[in-house]
Amino acid sequence: MWAKLALKLFAREFRRGELTVISAAIALAVLTVLTLSMVTERISQSIEQKSSTFIAADRVLSSNHKIDPAFIEYAQQQNLQTANMLYFDTMLFANDEMQFSSVKAASNAYPLKGNLKVKSSLDGTLETLSHGPGIGKVWLSESVFYSLNINVGDSVELGAALFEVEKVVVEEPDAPFNIFSSSRRVLINIADVPKTEVIQPGSRVFYRQLFAGEPQDIERFYEWLKPQMKENQKWYGVKDRQSPISNSLNRAESFLLLAGLLGIILAAVAIAVSAKRYCERQYDPVAMMKTLGGSRALIRKIYLAHLLLVCLLAISVGLAIGYVLQEIATYYLAKSMATALPMGGIKPWFVSISTGLICAVMFSIKPLLDLFDIPPLRVLRRNLGDTLAVSRIHLALSAATVFLLMWLFSNNLKLSVMLFASTLALIVVLFVVSKLLFGGSRKLGLKPGNSWSLAIASIQKRANVNAVQLVSFSLAIKLLLFLIVLKNDMIADWQSQLPSDAPNAFLVNITENELSPINAYLAEKNIQVSDFYPTIRGRVNAINGELVARSVSLEDNEEKDEDARQGLGRELNLTWRSELPSQNELTQGDWFANDAVAEASLEESMLERLDVELGDTLTFLIGAQSFDAKITSVRKVNWTSLKPNFYIILSPDVLKNYPATYISSVRIEAQQKKDFSQLLRTYPTVTAIDVDNFVKQIQSTIEQVSLAIGFVLAIVVMCGALVLISQVQASLGERMQEIVILRTLGAKGSLIKNAILYEFLILGGFAGFVAALFSDVTLLIVQQQTFDLAGKLHPEIWFIGPVVGGVFVATLGYFMIARTLKQNTQGLVRALA
Amino acid sequence: MSVLSQVNIIQVNSLSKVVSTLEGELPILSDISFNVKQGESVAVVGTSGSGKSTLLSLLAGLDVASHGEIILDGQPLHALDEEARAALRAKSVGFVFQSFMLVQSLTALENVMLPAELAGKDDAKKQALELLDKVGLSHRIDHYPSQLSGGEQQRVAIARAFVGTPSILFADEPSANLDSKNGKMVESLLFDLNKQHGTTLVLVTHDEALAQKCQHILQIEAGKLVKNARGESEDVG
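Going down the list, the protein sequences come from chains A and B.
With this note's numbering applied, the first sequence has no gaps in its numbers, which climb one by one up to 833 at the end.
With this note's numbering applied, the second sequence has no gaps in its numbers, which climb one by one up to 237 at the end.
Mixed in with the good hints there might be a few duds.
[Unchecked claim] Pulled from the structure, derived: some chain A residues nowhere near chain B, Cβ distances all over 10 Å:
no.: 1; residue: 291
no.: 2; residue: 317
no.: 3; residue: 431
no.: 4; residue: 541
no.: 5; residue: 625
no.: 6; residue: 743
no.: 7; residue: 751
[Claimed, not checked] EDC-like, lysine to aspartate or glutamate: derived pairs with alpha carbons at most 20 Å apart:
no.: 8; chain 1: A; residue 1: 673; chain 2: A; residue 2: 123
no.: 9; chain 1: A; residue 1: 4; chain 2: B; residue 2: 82
no.: 10; chain 1: A; residue 1: 8; chain 2: B; residue 2: 142
no.: 11; chain 1: A; residue 1: 195; chain 2: A; residue 2: 214
no.: 12; chain 1: A; residue 1: 66; chain 2: A; residue 2: 96
no.: 13; chain 1: A; residue 1: 137; chain 2: A; residue 2: 171
no.: 14; chain 1: A; residue 1: 8; chain 2: B; residue 2: 122
no.: 15; chain 1: A; residue 1: 137; chain 2: A; residue 2: 197
no.: 16; chain 1: A; residue 1: 8; chain 2: B; residue 2: 83
no.: 17; chain 1: A; residue 1: 195; chain 2: A; residue 2: 166
no.: 18; chain 1: A; residue 1: 234; chain 2: B; residue 2: 123
no.: 19; chain 1: A; residue 1: 4; chain 2: B; residue 2: 122
no.: 20; chain 1: A; residue 1: 117; chain 2: A; residue 2: 127
no.: 21; chain 1: A; residue 1: 673; chain 2: A; residue 2: 501
no.: 22; chain 1: A; residue 1: 347; chain 2: A; residue 2: 214
no.: 23; chain 1: B; residue 1: 125; chain 2: B; residue 2: 142
no.: 24; chain 1: A; residue 1: 4; chain 2: B; residue 2: 142
no.: 25; chain 1: A; residue 1: 656; chain 2: A; residue 2: 628
no.: 26; chain 1: B; residue 1: 91; chain 2: B; residue 2: 122
no.: 27; chain 1: A; residue 1: 234; chain 2: A; residue 2: 68
no.: 28; chain 1: A; residue 1: 630; chain 2: A; residue 2: 608
no.: 29; chain 1: A; residue 1: 674; chain 2: A; residue 2: 123
no.: 30; chain 1: A; residue 1: 137; chain 2: A; residue 2: 127
no.: 31; chain 1: A; residue 1: 301; chain 2: B; residue 2: 122
no.: 32; chain 1: A; residue 1: 301; chain 2: B; residue 2: 142
no.: 33; chain 1: A; residue 1: 301; chain 2: A; residue 2: 280
no.: 34; chain 1: A; residue 1: 792; chain 2: A; residue 2: 616
It should be emphasised that the hints constitute simulated quantities derived from the structure, not laboratory data.
Owing to the predicted nature of the structure, the values given are computational and were not obtained by experimental measurement.
Glycine included, every Cβ here is placed at the ideal spot set by N, Cα and C.
Only chain B is shown next, with the shape it has when bound in the complex (with noise of 0.2 Å):
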């Protein structure tokens, strides 16, 4: 393993995350404690409701938890406020959602430059149709999110989550809304851009199989970690 691999991108420690209902306080994930490495790819399993999602929005600054810390690429997630853990999105993280998430009224390759024009970035074009053509939409970069199929739309996305070579990729349910040929078609181009880019993947999955195809898996149940099936856990948690 190379010494890059060796560095911790991801840390946690001790996170909690509780919601106040009309009933009490309700905990949805309890003392949750993990480290990935720079590269890897780690899946994060559980049935649904058992906090997996949750988990995703803490790791990427979506959401603020309740207690403990996150030690995003070096940066304390859980010291920053909105703007500055939007700012740490922009630079290290990629996003792939399970409804696509674009913005309807950009084109293909609109919507693949959007991150990079967010950041202040104005050479992202080249990138952007390189990726396009990497996911093998370069026909296409002038349709809308609407003209296109759902298995299409989601390569636009993962072509957007490249963009601005992040460190770290999260992609939530990425073929939940496809069918087996374009969910396969989708994984494959995932697992095969992580690798060429050396981008450390947190995927979030109820897929067994899509599971399997990462280093690493994080099995929750009701908001608790239990550790990988594949071994190595040493290195996870």
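Isolated chain A (complex conformation) (with noise of 0.2 Å):
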């Protein structure tokens, strides 16, 4: 009987609206958990697949000794591909040239992602593999021929084997983005390794071993794998190499979380207001009620119904909306990617519907209980029961449950506690100030009958109910504030990293001799050319005087990350300059002056490094010979700038009498290819990198992450739309009263309108300039903490903040309200009874 009447009531009050925004909104928050989740889900699935051609494999261990044979057959058990590769220096032969060259020899199933670019001959058109040379082929990067001075079908003599030239190699799609590796490219098949007879005790070989596979099958099989790893050998992904790719990777991950964060914050608000909103609305009916003999638990068995309705009811849709959606977002993605986005896994929908359970329990069940102690004694005192101030618990319950919802969504407890605490703190200075600034405005003294001091005098009237509406409009513009500026900043960070004149290869070992023939040949065919950086080779091996340990001799040309640069006594390649490099910004001391002697200037990491401080003397070795330098200013430098980077820039004066190479980065465009390669053939031991199919990948990538993010930002929109709009209609009942009072007292409907006009607009445009504050200080923050960009202000959001905040709340407000005063006075009457 109960349910009848429960499901009765039900179909009224959905019917009359009453519960369309807290449906809508619990709805928007399981959409935007889903939509968010599977669309981050697919595309870094997607992009993490693409990207793992970047290593060939989805995870790689590297290794400076022979791999132990027994965790590529474990690796083979759990169903994981495998192929390894080992890189070694050689001489090559070829008639009566040599050329020092670094072969990668790899097995048959390299490579396991991507593919390798290849040419038949020097001219030939570009052909796609998924596979390396045979038995007794070599395959050579195009400098190699001419260094060489040979041709395809020719013979090469590395070690004790001869091999027949098969193929040019154009790109590996493990190719070391280090333009100080060598890219004289020899690629063999590793069963020859043995025949060349290179390989002896004592021989610098590294090992890789490529692996690919379930995510799950890589997982288990590393848990297996790491206690068993040795101190040389490492455990990558494509993630953990430093690289503008990885690093974009991760910003777009932390960004789309923190959207999700905002979304549910904003969904949860809504839900929050339009809860308690429904709640209040029902005070009467369950007075009644109850007055009528129905009891507790009767009244409360109808509203539970109505929660679970409105659950299965909204989550329902949320599922529904979020999947299309998805679909949709998923579908111009991956149109515009080229590639099948996969299917996510079934989290998404598991977080999504959690969350829309979670928001609707937690947030509605404070006011359930209130209205559940209802006295039916309201039905003859009318106001009792109002509360007007919000209650503590029901405070407290919903900021604990946000902020748990923040912690499950993004499993990061530092990027939750920092916008939870933002987000609080300026809940609290709202209030204070609203509280304050409502209070005080008393003492402006208007001129009655005009609609400015109609707005100002209901300002005032509602301070309490103002200072909710105006934390809640506040964090709402905050939210979408922080997360547009967010993403403009990111966006034009990846571009200025990588605009559209981006260097596209690089020129190493260029002597001083061949220094200005190049720079003037280059100038002749128009070839964009940056500063060249001339290079020495050379290590650290005394600080302030005192030796220390040399335990590595060489520098792994292959190993990229900072940490495997860590080996004190390593080679590294040291620069002097005069100007600080464009890309590098000082952090400590002074950068050098003109007469500046013997100093040194070094990286932020080196410094940690060496442990060394500001004032320390370095002592470098080059050959045989040594020198101090004393450290005067330290670099922050960006290291995924497509220019040539240094740990170390020593004063012009310390170097100059050293014999250096120089290097530099060109941008070449398409019909300049012909006169690059011509002056690679006039200077053979000029080597160019070319990392143009590199820019276009991570340009691409960008591109793609881009429009993920737009997208994500559209549904943050509506969500907080969404608040606006619960917070609006939540304040329409009793803006209602007003209006019957005012328009039975014979004020005018334009009196009225402009009155609601100018409060929303004072509200809303107060709500933005504070939402732009803060939005800009906590952007500052996590900025810096989590995104690793130079965060700075954006003083044109606090102009930009209260306008729009302003504008939108008005507009908002004003067609809510006018669609009230269409009604003639006595229909505004019923409809208040």
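Could you use the hints to bring the two separately framed chains together as a complex?
Given below as structure tokens:
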């Protein structure tokens, strides 16, 4: 019986629109979480799959020693694909020429991810292959052909073995992005290594074992492998590598995460506001039902059934819309990425349904308990149960729920705490400020009878309610501004790293004598070139006169991650310069003066690794000669810029008498390719490293991620609008009462309309201003802490915030109230009754 | 008078209500005692703030007294908890309020059926339709309160009050919010149905003319009971 009554009441309340906002808010929370998690998961899976081509595998185990065959055997048992490679440097001979080259020997399964791009002749067309050279064949990079003066089909000697030159290697999927690594690539089959007899005990060889497979299989294998790994072995995936792509990916993921979090906060606020409003509007019916003999248990059953029905309905709608939205989004993303996006797992469904349920239950439980407590006496004493102040328990419960949801969704305590704390601070400050302000503006003394004074009076009268409204307006505006500005900053930062005219090739190993003819040639052919940096290989062997141990004698060219550069005494590329490079930022000390003598500038992480500080003296060893230099400055280096970067820059005086080679980066347009090849033919010792493809890949990834971010932002904006709508709607009842009184007293429609317009304009404008301030400060912290971006303030949003806030809130409020004003006074009175 | 009418359906003994304020305890009602017999009509009159609405709320079990006893339909109201009082109201009490108090999301018919549905009765529709017909609203059964005039809303409220054939009907200023024509119509409906159903009517009003239509008048002044002005006071108090 009660179920029938509950269902009937629910259907009627729903039809009357009483449950629309709360349902929409729950649905929005669900769809935000579902869409975001699914899109993020699918994109990141796809990008990861795509980016795994950067390492030619999902994971790589690098080692300085032969890898235990048991590892490989176990990996294969775990359904993982494997391939092995080894790297060594050796001389290559052809005719009477010789060339020092770095050899990569790969097994037949290489590459596990991505493809090799090769040509069958120097002028041939590009071919894409998913395997390396066969037995007895060698593939060489273009520069080796020039320096050995050979062609495809010729023979080359490598150690004790003879190989037939079969292909020109243009691009390797796992090409190291390191301008100091040799690009004189020699690619052979690993089965041919023994017959070269190059590898002897003590030879410097690097081993790589590639793995590919399902994430859970990889994870299981790694768990098994981890305790057995030796010190010189390293396990990494694409995200672990210090490269622009991994940075962009990590940032994009953080952004999507953050957007999701903010979406949840906004939806939660909307649910909290609308649930409270709904319950308050049920005070009279509940009092009446109790008066007519309805028991507490019955009323509890009716309204819990309502909550259940709202949840079922809203969650279903949220899931359905969310699924369709993410399908649309991923369809377009897949199209722009020219790749199919893998299906997401079950987790997004689980997280979104739990979010919907938690939001619905936690935010409505206190208002519902209040509702159950409504005394029947309210039928006679009409204001019984009306409480202006928001219950503290409800606030605390809601805040705790929001925090838990953020944590659940993000799995990132630091980010959750940061956002939560800043939001909480905003709320507290706003509440205090607004109460003071609304109280204080009483002294303004505007003339009665005009819309402005009516608006001010209205704001003052509802100081408490307005403070709550202001808080939620500000919260919504703050979170939106925060995301929009962060998105713009992030994309601008990416674009500034890789502008459309970013260098796409590096020139390495230019001698002093070649410098001016090459420069002249580049100028003649109109090829854009950056500064030429002299480089000398040397090592630090003493700090403040104290000798330090030398453990490693040669730099590992293949290692790119910063940790691998740790060893003191390792060979480094040193340069000297009189000006600070543009992509560097001084963090300590002063840059070299014109008359600087024996000074050194260190990159931040190098300072830490050498455990030195400003003012310490380093002793450098170049060949057999040594010299001292004092650390006078510390730099922050943008490693992701495609420009030559150095850990140590010396003042020009110290190295000027040492023989150096020069490096630079150039921008080669399509029509300049031939001219550039000519340059390499003319100067065979100069090496060119083509990063065009690499740059294009990064640019396309950034484009896709930006698109995804834009989409996510749109969803969060919807959440924000919903908060504002729910808040305006919540105050509608009270405003209607005023309108009726003013109307009855003969106030003109335009006076009332304008008063409401101005009231919302003031509220929205003030909320926008405070939101802008808080958003900017939070942004500064989050950018530095989570996004590794140079945080900066954005004074423009201090202006945009109030304007947009005022206009948006006023327009929304105006249209919602305008509907009310269309009714005649009698209609209003009846609606109120 | 029938035997039935000799039964005291409401017995009030030494009833007091005190509320706590910032200035200390404030007595609203002091030492009120009276009886009402089954089927009688009683008007509770007094000036604004005299305590008549408080008396009504105590009699109906919507509020609890500070001291004293109320026996309603044979049940000691003062000894019952909220749930038991609600159950008693469901069984024995009907209400008509000044502000109608209809559930906005339910139609006229559904509002009339509501008390029966709350009591778990499934067969209320027939009776509800009859009652709506009696109050002259059989053509508006599917209308929502917002689509009805004030007089019509109060007539729906009256139909609702009689739906469970309650033994007592409490009416709080039933015609105060209506124009005189509608007010008269509502009043006569109330008395007619009261007679037809043999219900005891307790009416709070400050309308002297309406009070005169009742068999007994209880006058409350400053929280104290002033005995009725129409004689037969031996029955009341």
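Q.
Hinted pair, alpha-carbon criterion (20 Å max): residue 301 of chain A, residue 142 of chain B. Please report holds or violated.
A. violated, 26 Å
Q: With a cut-off of 20 Å on the C-alpha distance, tell me whether residue 91 of chain B and residue 122 of chain B pass.
A: Holds: residue 91 of chain B and residue 122 of chain B sit about 15 Å apart, inside 20 Å.
Q. Do the alpha carbons of residue 125 of chain B and residue 142 of chain B lie within 20 Å of each other, as the hint requires?
A. holds, 13 Å
Q. Given the proposed pairing of residue 234 of chain A with residue 68 of chain A, does the C-alpha separation stay at or below 20 Å?
A. Distance of about 14 Å is within 20 Å: holds.
Q | Distance restraint between residue 234 of chain A and residue 123 of chain B, which requires alpha-carbon spacing of 20 Å or less | A | violated, 79 Å
Q: Would you mind confirming whether the straight-line C-alpha gap from residue 301 of chain A to residue 280 of chain A stays at or under 20 Å?
A: holds, 17 Å
Q) Straight-line Cα separation of residue 656 of chain A and residue 628 of chain A no greater than 20 Å? A) holds, 14 Å
Q. Does the structure keep residue 117 of chain A and residue 127 of chain A at a Cα separation of 20 Å or less?
A. Holds. Residue 117 of chain A to residue 127 of chain A sits at ~6 Å (cutoff 20 Å).
Q. Is residue 4 of chain A within 20 Å of residue 122 of chain B, Cα to Cα?
A. OK: residue 4 of chain A and residue 122 of chain B at ~10 Å, within 20 Å.
Q | Consistency of the no-contact label for residue 625 of chain A, given chain B and a CB cut of 10 Å | A | holds, 93 Å
Q. Under the criterion that the straight-line Cα-Cα distance not exceed 20 Å, is the pair residue 195 of chain A, residue 166 of chain A satisfied?
A. holds, 19 Å
Q: Mind checking the alpha carbons of residue 673 of chain A and residue 501 of chain A for me, to see if they're no more than 20 Å apart?
A: Cα-Cα ~15 Å, so holds.
When held up to the earlier numbered hints, the structure conflicts with 1, 9, 11, 12, 16, 18, 32 and 34 and fits the remainder.
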